[in-house]
Amino acid sequence: MSTEVSGRAAPAAEAAPRPPGAGDGRPRQAPPRRRRGRRLGPGRPIPFAWAIGPLLLLAIWSVGSAAGWIDERNLSAPWDVLATARELIEDGRLQEHLAASTERALTGLVFGVGIGLLLALVAGLSRLGEGIIDGPVQIKRSIPSLALIPLLILWFGIGESMKVITITLGVLVPIYIHTHHGLRSIDSRYVELAETLRLSRRGFLRHVVLPGALPGFLLGLRFAVTSAWLSLVVVEQVNATSGIGYMMELARTYGQTDVILVGLVVYGLLGLISDGLVRLAQRKALTWQRTLAD
Amino acid sequence: MATHPGGLTAAPAVRITSLVREFAGRRVLDELDLEIAPDEFVALIGRSGSGKSTLLRVLADIDREVTGYAELTAPENVSVVFQDARLLPWKRVVDNVALGLPGPGAVERARTALAEVGLAGREAAWPVELSGGEQQRVALARSLVREPELLLADEPFGALDALTRLRMHALLRRLCARHRPAVLLVTHDVDEAIALADRVVVLDDGRIAADLRVELPAPRRPGTASYAALRDRLLTLLGLDPALDGLPEEDGFPEPPDGRGGSTEASATRPEPAREARA
Numbered sequence: 001m002s003t004e005v006s007g008r009a010a011p012a013a014e015a016a017p018r019p020p021g022a023g024d025g026r027p028r029q030a031p032p033r034r035r036r037g038r039r040l041g042p043g044r045p046i047p048f049a050w051a052i053g054p055l056l057l058l059a060i061w062s063v064g065s066a067a068g069w070i071d072e073r074n075l076s077a078p079w080d081v082l083a084t085a086r087e088l089i090e091d092g093r094l095q096e097h098l099a100a101s102t103e104r105a106l107t108g109l110v111f112g113v114g115i116g117l118l119l120a121l122v123a124g125l126s127r128l129g130e131g132i133i134d135g136p137v138q139i140k141r142s143i144p145s146l147a148l149i150p151l152l153i154l155w156f157g158i159g160e161s162m163k164v165i166t167i168t169l170g171v172l173v174p175i176y177i178h179t180h181h182g183l184r185s186i187d188s189r190y191v192e193l194a195e196t197l198r199l200s201r202r203g204f205l206r207h208v209v210l211p212g213a214l215p216g217f218l219l220g221l222r223f224a225v226t227s228a229w230l231s232l233v234v235v236e237q238v239n240a241t242s243g244i245g246y247m248m249e250l251a252r253t254y255g256q257t258d259v260i261l262v263g264l265v266v267y268g269l270l271g272l273i274s275d276g277l278v279r280l281a282q283r284k285a286l287t288w289q290r291t292l293a294d
Numbered sequence: 001m002a003t004h005p006g007g008l009t010a011a012p013a014v015r016i017t018s019l020v021r022e023f024a025g026r027r028v029l030d031e032l033d034l035e036i037a038p039d040e041f042v043a044l045i046g047r048s049g050s051g052k053s054t055l056l057r058v059l060a061d062i063d064r065e066v067t068g069y070a071e072l073t074a075p076e077n078v079s080v081v082f083q084d085a086r087l088l089p090w091k092r093v094v095d096n097v098a099l100g101l102p103g104p105g106a107v108e109r110a111r112t113a114l115a116e117v118g119l120a121g122r123e124a125a126w127p128v129e130l131s132g133g134e135q136q137r138v139a140l141a142r143s144l145v146r147e148p149e150l151l152l153a154d155e156p157f158g159a160l161d162a163l164t165r166l167r168m169h170a171l172l173r174r175l176c177a178r179h180r181p182a183v184l185l186v187t188h189d190v191d192e193a194i195a196l197a198d199r200v201v202v203l204d205d206g207r208i209a210a211d212l213r214v215e216l217p218a219p220r221r222p223g224t225a226s227y228a229a230l231r232d233r234l235l236t237l238l239g240l241d242p243a244l245d246g247l248p249e250e251d252g253f254p255e256p257p258d259g260r261g262g263s264t265e266a267s268a269t270r271p272e273p274a275r276e277a278r279a
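In order, the protein sequence lines correspond to chains A and B. Following UniProt numbering, the numbering of the first sequence begins with 1 at its first residue and continues without gaps. Following UniProt numbering, the numbering of the second sequence begins with 1 at its first residue and continues without gaps.
Calculated directly from the structure, the hints in this document are not laboratory data. The beta carbon of each residue, even a glycine, is placed where N, CA and C say it ideally should be. Treat the hints with care, since some could be wrong.
Dumping the calculated DMTMM-like pairs for lysine to aspartate or glutamate here, alpha-carbon to alpha-carbon at most 20 Å [stated by the list, open to error]:
| hint | chain 1 | residue 1 | chain 2 | residue 2 |
| --- | --- | --- | --- | --- |
| 1 | A | Lys284 | B | Asp95 |
| 2 | B | Lys91 | A | Asp187 |
| 3 | A | Lys284 | B | Glu129 |
Partial list, computed: chain B residues near chain A (C-beta under 8 Å) [unchecked claim]:
| hint | residue |
| --- | --- |
| 4 | Ala60 |
| 5 | Leu88 |
| 6 | Val128 |
| 7 | Arg233 |
Starting from the given sequences, assemble the full structure and let the hints guide the process.
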C-alpha cells in the first residue's frame, strides 16, 4: 500500500527507492486518507435522543432543590410538585381543569384547521380566490392573535366563544400559510402529467393536489398545535372559571408555586404529546419522502 | 415495427398541415406538415430549438396556444413519456401506473404492465427507491397500459446512462412490436433514431428538412456500410460534419478510437433483448 502511494506521488523516483522514514515531505500516510470522506448528514439516530435535554433540566432542578440553592417560595422541589399533583388528581380537580382546557383547545384547533384548510384550498386552486383571501390572511399573520383579545372581548364578551375564537384565529394562520405554500409548490410538471393522463378535476385534486400539499399541511399542523396551547394559556387567564390556566391563576393569588408548576408541567406535557402525535402522523403519511430526518 | 410501403393509403394516425406555433412573435413551427401512419415508428430529430418538443406538446394537447393550422388530426388515445419519468412521489409504483385508469381491474392491468417492463415484484416500491432506468420503465408501463394509439416520447432516454439506454431501446422495440401504437420519438441522438425508427424526420427551423425511411436489415448494427451512410446523412442534415472526430460525443456514445469500428456498440446491443426478455 505505502509503496503504491509513494510510487504515485513521485514516479520519477522509482529508480531510487527511499527508506521508509525519508518521506518527510509527504505528511499524509495511507490510513488517514480514507477518512477524508466526511459525513454531511446528521448521522445515525441515537435511541431516545429526544429525552436527553428534558432529563438534564430535571436533574438540574432536583439537585438545585435538594442542595437548597433554589428558594421554596420561588420554585417548589420536584417531589413537592409531584405530591401536589397526586393530591390534585386524587380529589379530581386536575382532571376537571384538564378536560375543560382540552375541550377548548380541541374546539379551536378543529375550527382553525378546517377554516385554514378551506381558505388555503380556495386560494391555492383559483387566482381569484388567492386575490381575495391571501391579503387578509397575510395581514392577520402580522398581527399576533393575542393582541386581538381586547377587541374580541368587546365583540364576543368574556365567555367561552371569545376563548375558542382566539384559539381558532391562532391556528388558522399557520395552517393556511403552510398548506397554501405546499399547494403552490406542487411541480407544474405534475399538472402537465395529470393533463396528459386525462385526469378529471376530482381525480387531479385527489391524486395530485391533496397529497402534494400534505407535507405543507402537516408542517402547518405542528405549528398550529403549538399555537393552540399558547393561545389557551392566555385566554384561560382572562376571567375563566375552569381550565389549567384558571387553576394556575388561582394558585398565584395564594402563592402556591407547586400548583403553578403542576400546571406548567401539564401544559408542557400536552404540548409535547400533541406535537408527538402530529409527528407520528407525519411519519405515517409521508413514508414516500426521504429526508435528512430519517 | 411494421414498415408501411403504402403507408399513406391507410388513414394516418396523425395528420398535420400548415401547423404554426409562435412564441412571442418568433416562429418555432413554421407551416409544418407531418403524417404518421398507424403503428409507424417515427423518430424526430433536430438541433435544440428546432421545435421538436413544441411539436410533441401540440400533439399531446398540452399546448393551449397553438397559433394556427389547416388540419390537426391526432388519435383520441394519446400517451406521453417525458424525459423525466414524472412519477408522483407519493404514490407507489403500481398506483402510478394505474393513475387515472378507468374501470375496475385497473390495478390488475397496472400489474401486468409492470411485469411487461420487467418490474414484477416492485409494485409496492416508492418511486424514490427506483433507479433512473427503472423509473423510466414505470413511465413506459404507465403509457402502455392505456393502450395508446399514439405514443409520444420526448427524449425519454436522454437522462439515462448509455448502457441503460441501449437496454431501454430493446425494451421499447419489443413493446412497440406487441402493442403497435404509432410512435413519435423526439430525440437528439441519431443512433437512437436509426436503431428504433421506421422513419426519421429531421426538423430544422420549424420546418421538416428531411423525411427518410430507414430501410436497414433487422439487427441494425452500427458497423454496416448502409448504417454508416444513413448516420452520416442525418448528421449532415443536422449541420454537423460527420468526418469530424469530436462528433460522437454530441450524441452521447463515445466511439472506439479507430473511428468507424463500432464493434463495441454492436456487441453491447446484441445481448440486450435476451436480458430484458428474461426479466
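To see whether the hints hold, each was checked on the structure:
Note on lysine 284 of chain A and aspartate 95 of chain B: the hinted pairing holds, with a Cα-Cα distance of about 18 Å set against a maximum of 20 Å. Note on lysine 91 of chain B and aspartate 187 of chain A: the hinted pairing holds, with a Cα-Cα distance of about 15 Å set against a maximum of 20 Å. For the hint pairing lysine 284 of chain A with glutamate 129 of chain B, the CA-to-CA distance comes to about 17 Å; that is within 20 Å, so the pair holds. The interface hint given for alanine 60 of chain B is met, as the beta carbon of that residue sits about 6 Å from the closest beta carbon of chain A, less than 8 Å.
At a threshold of 8 Å, the smallest CB-CB gap from leucine 88 of chain B to chain A is about 6 Å, leaving the interface hint in force. Below 8 Å, beta-carbon pairs count as interface contacts, and valine 128 of chain B has one with chain A at about 5 Å; its hint therefore holds. Interface hint at arginine 233 of chain B: violated, since its Cβ lies 33 Å from the closest Cβ of chain A, which is beyond the 8 Å cut-off.
Hint 7 from the list above is the single one not met by this structure.
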